[in-house]
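*Asks:* Sequence:
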Amino acid sequence: MALNTSKLNSFLFLKLPSAFLCGVRVKEINNSECKATVTHRWINQNPFNSMYFAVQAMAAELTTGALVMNEIQKSGHKISMLVANNKSSFSKKATGKITFICTDGILVKEIVRKAIDTGEGQTVWLKSIGYNQEQIQVSEMHFEWTLKIKSKYPRPLNIA
Numbered sequence: 001m002a003l004n005t006s007k008l009n010s011f012l013f014l015k016l017p018s019a020f021l022c023g024v025r026v027k028e029i030n031n032s033e034c035k036a037t038v039t040h041r042w043i044n045q046n047p048f049n050s051m052y053f054a055v056q057a058m059a060a061e062l063t064t065g066a067l068v069m070n071e072i073q074k075s076g077h078k079i080s081m082l083v084a085n086n087k088s089s090f091s092k093k094a095t096g097k098i099t100f101i102c103t104d105g106i107l108v109k110e111i112v113r114k115a116i117d118t119g120e121g122q123t124v125w126l127k128s129i130g131y132n133q134e135q136i137q138v139s140e141m142h143f144e145w146t147l148k149i150k151s152k153y154p155r156p157l158n159i160a
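Heads up: the sequence shown begins at 1 in my numbering, then just goes up one per residue.
Treat the hints with caution; some may be incorrect.
[Stated by the list, open to error] No farther apart than 25 Å at their CA atoms in a straight line, the calculated lysine to any residue pairs in the SDA-like style are these: (1) K15 x K74; (2) K148 x R41; (3) K92 x F53; (4) K27 x K150; (5) K87 x T39; (6) K109 x F90; (7) K27 x I106; (8) K15 x F48; (9) K27 x K92; (10) K7 x K92; (11) K150 x I43; (12) K78 x W125; (13) K93 x S18; (14) K150 x I129; (15) K74 x R41; (16) K127 x Q137; (17) K150 x L3; (18) K74 x F13; (19) K92 x K148; (20) K97 x F13; (21) K74 x E134; (22) K27 x E120; (23) K148 x A84; (24) K93 x K150; (25) K148 x E120; (26) K27 x I129; (27) K15 x N49; (28) K74 x Q137.
Bear in mind the hints are in silico, worked out from the structure with no lab data behind them.
Between the sequences and the hints, there should be enough to build the whole structure, so can you do that?
*Replies:* Right under this line is the structure:
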């Protein structure tokens, strides 16, 4: 059963409250991409009248991580996931509403399948790009995710 925006935003509230309080929200997720938005406000500002870099990183990481979580859930296997490294670049002040997009869903599917087939830990770099309301890129973030299967046998799917 695939994740949806409502489940992911509830997850944010319960498990990542700092991201939720800063205004990070998942707007769209499917098998190939995930979009999240965050709006520049007092709570997430830096001293230079733009969005604090860590808030941008939270939104960007969420887009990559949600794709991984979605694919793991669909696989029915218990697989651990962790960010091992990240790198980022900032090209413009982040003001207004910023939309982060990760389009690496196919890559995620391949790496989850490889982790299941081999039983060995896998790593993958996923990219999320942040755009302002004028569709101008403000930042680009890369996250190295590590995946390791916990059990060779799939868990039963919840049909609730």
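*Asks:* Is the Cα-Cα distance between K15 and N49 25 Å or less?
*Replies:* Given that 25 Å is the threshold and the Cα spacing comes to 28 Å, the pair is violated.
*Asks:* Please verify whether K109 and F90 have alpha carbons no more than 25 Å apart.
*Replies:* Violated, because 28 Å separates the two Cα atoms, which is more than 25 Å.
*Asks:* Check the hint pairing K150 with I129 against an upper bound of 25 Å on the C-alpha distance.
*Replies:* violated, 31 Å
*Asks:* For K74 and F13, compute the direct alpha-carbon distance and say whether it is at most 25 Å.
*Replies:* OK: K74 and F13 at ~22 Å, within 25 Å.
*Asks:* Given the hint that K93 pairs with S18, test it: the Cα-Cα distance must not exceed 25 Å.
*Replies:* Holds. K93 to S18 sits at ~21 Å (cutoff 25 Å).
*Asks:* Has the given pair, K127 with Q137, been kept, meaning a C-alpha gap of at most 25 Å?
*Replies:* holds, 13 Å
*Asks:* Would the pair K27 and E120 pass a check requiring their Cα atoms to be no farther apart than 25 Å?
*Replies:* Distance ~33 Å between K27 and E120 Cα, so the pair is violated.
*Asks:* Keeping to a limit of 25 Å between CA atoms, is the pair of K150 and I43 held or broken?
*Replies:* Not OK: K150 and I43 at ~38 Å, beyond 25 Å, violated.
*Asks:* Take a quick look at whether K87 and T39 sit within 25 Å of each other, Cα to Cα.
*Replies:* Status holds; Cα separation ~22 Å.
*Asks:* Are K78 and W125 close enough, with their CA atoms no more than 25 Å apart?
*Replies:* holds, 21 Å
*Asks:* Holds or violated: are the alpha carbons of K97 and F13 at most 25 Å from each other?
*Replies:* This hinted pair holds, its Cα atoms lying about 20 Å apart.
*Asks:* Need the status of pair K92, F53: alpha-carbon distance at most 25 Å?
*Replies:* With Cα atoms ~11 Å apart, K92 and F53 stay inside 25 Å; holds.
Checked against the numbered hints listed earlier, the structure breaks hints 2, 4, 6, 8, 10, 11, 14, 15, 19, 21, 22, 24, 27, 28; every other hint is satisfied.
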